[in-house]
Amino acid sequence: MLHLTHQLELFPDRSVTLLLFNDVKNAAALRKKAMEGSIDGALINPAMIVDPFQILVAANKAVHLHKIGKMKTRTLYAEIIFNLSPNNNISDALKKFGISDSDTAVLIVLVVDREKTVNLEDVASQVEGQQVSLDELPQLTDIAKVKKMYKLTPQEEKIGTLLDGIICRMSTKDVL
Amino acid sequence: MAAAGGAAAAAAAEEEEVAAVAAAEAAPPLPLPGLRLVQQGAEACVYRGRFLGRDAVAKLRLPKRYRHPALEERLSRRRTAQEARSLLRCRRAGISAPVVYFVDYVTNSIYLEDIVDSVTVRDHISSVQQSGNDASSLLPLAEKLGELLARMHDEDLIHGDLTTCNILLRPPVEKLDLVLIDFGLSFVSGLPEDKGVDLYVLEKAFLSTHPDTETVFETLLKTYAASSKKSGPVIKKLDEVRLRGRKRSMVG
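Protein chains in written order, with numbering that gives the first Met the number 0: chain A, 0 to 175; chain B, 0 to 251.
This is chain A alone, in the form it adopts within the complex:
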């Protein structure tokens, strides 16, 4: 599917939509727009993402914290990116999980109110690249980079998938 949308069970008035782009030529310009806040979405480096579930977990937590006014970052979209990180260093998270100027693939995450009709074409048109199906995400994942980032233990890899280890760290990092 060209995009994936999931209605958050705990926040039924919100939906999360994922869009994936390859052969992107204007990553630098997009990154600038994201920093200025003129693009409505979180721009994520797909190399660090192993499964859409990873994004949903990050987005769910971001929406939750946004609702109670307890986000660690200043915007919902920065919060989603921050939640992907296994540690509590915000700038490190934005650097590692956000896009960099040389990236050729971009994953865009939107959080929309159910009432509002969001124009996916609007967002897609700002990207100079090819929108591809999310099924292609595994091809864009850099497993080595992901493993290095999340630092799974060898014992952990025996009892679960890489994704399991990632999710656990994402969801419990603020209690440690």
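By construction, these hints were calculated from the structure, which means they are not laboratory data. Check each hint, because a few of them may be wrong.
[Stated by the list, open to error] Once the Cα atoms are required to be at most 27 Å apart in a straight line, the calculated DSS-like pairs of lysine-lysine come out as:
1) A:Lys-157 / B:Lys-63
2) A:Lys-69 / B:Lys-63
3) B:Lys-221 / A:Lys-157
4) B:Lys-235 / B:Lys-221
5) A:Lys-157 / B:Lys-229
6) B:Lys-143 / A:Lys-157
Got chain A; can you put chain B on it based on the hints?
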């Protein structure tokens, strides 16, 4: 600083009291959207349902009205945090425990991986006994349990509520793939006393729930002792704790 914190806590405590009263009066407490209530334990309500595209279990802590609201809030939060922390600690050590999907510190609820079609060790043992098999068929399970607990204690992780209801078997049951759950009362400790008590709790739960399983538990302990390098003092403490138990006065 402390005074301001106290004032904030008092204000929060008042709100908690209102919420707690409301929650306690509605039974069962706080049905969550799209999730179905599976069990109401002493500590929490357990729900099952879909969460972010996966089968999940949601545990909501039950507010205890007899507690002072400020204490209730703190205790609830601490238990939730302990549970999340322990689950991660287990996984990092290679001990099977559910993956944590989301922790909500407002309602002190935790959303976890649902081990689909799992059966509790309790139900498994009961069904084995009911179908007439004798306890010797449970010995491999006992060995696996001993190994698992040894590994957990070697990580200095105390479960705090070891019963056969808190250990699951992933399907197919023959694989003896064990998963530990319910870490709400868990804590970190290297003390043999704490590990001994952890085992004692399991022993009491085991023997009272499953009659004629003394040999099974003995095997569990033997395997535990063999698998853990630190087991010597723990078993010693276990023996001591056993002597301490109810109605075990060493006086006249």
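Verification of the hints:
Pair hint A:Lys-157 plus B:Lys-63 does not hold up; C-alpha atoms about 39 Å apart against a cutoff of 27 Å. Among the hinted pairs, A:Lys-69 with B:Lys-63 is consistent with the structure: their alpha-carbon atoms are about 26 Å apart, no more than 27 Å. Between the alpha carbons of B:Lys-221 and A:Lys-157 the distance comes to roughly 25 Å, so the proposed pair stays at or under 27 Å and holds. Proposed proximity of B:Lys-235 and B:Lys-221 is supported: the alpha carbons are some 13 Å apart, at most 27 Å.
For the proposed pair A:Lys-157 and B:Lys-229, the alpha carbon gap of about 24 Å is at most 27 Å, so the pair holds. Note on B:Lys-143 and A:Lys-157: the hinted pairing holds, with a Cα-Cα distance of about 16 Å set against a maximum of 27 Å.
Comparing the model with each earlier hint shows a violation of hint 1 alone; every other hint is respected.
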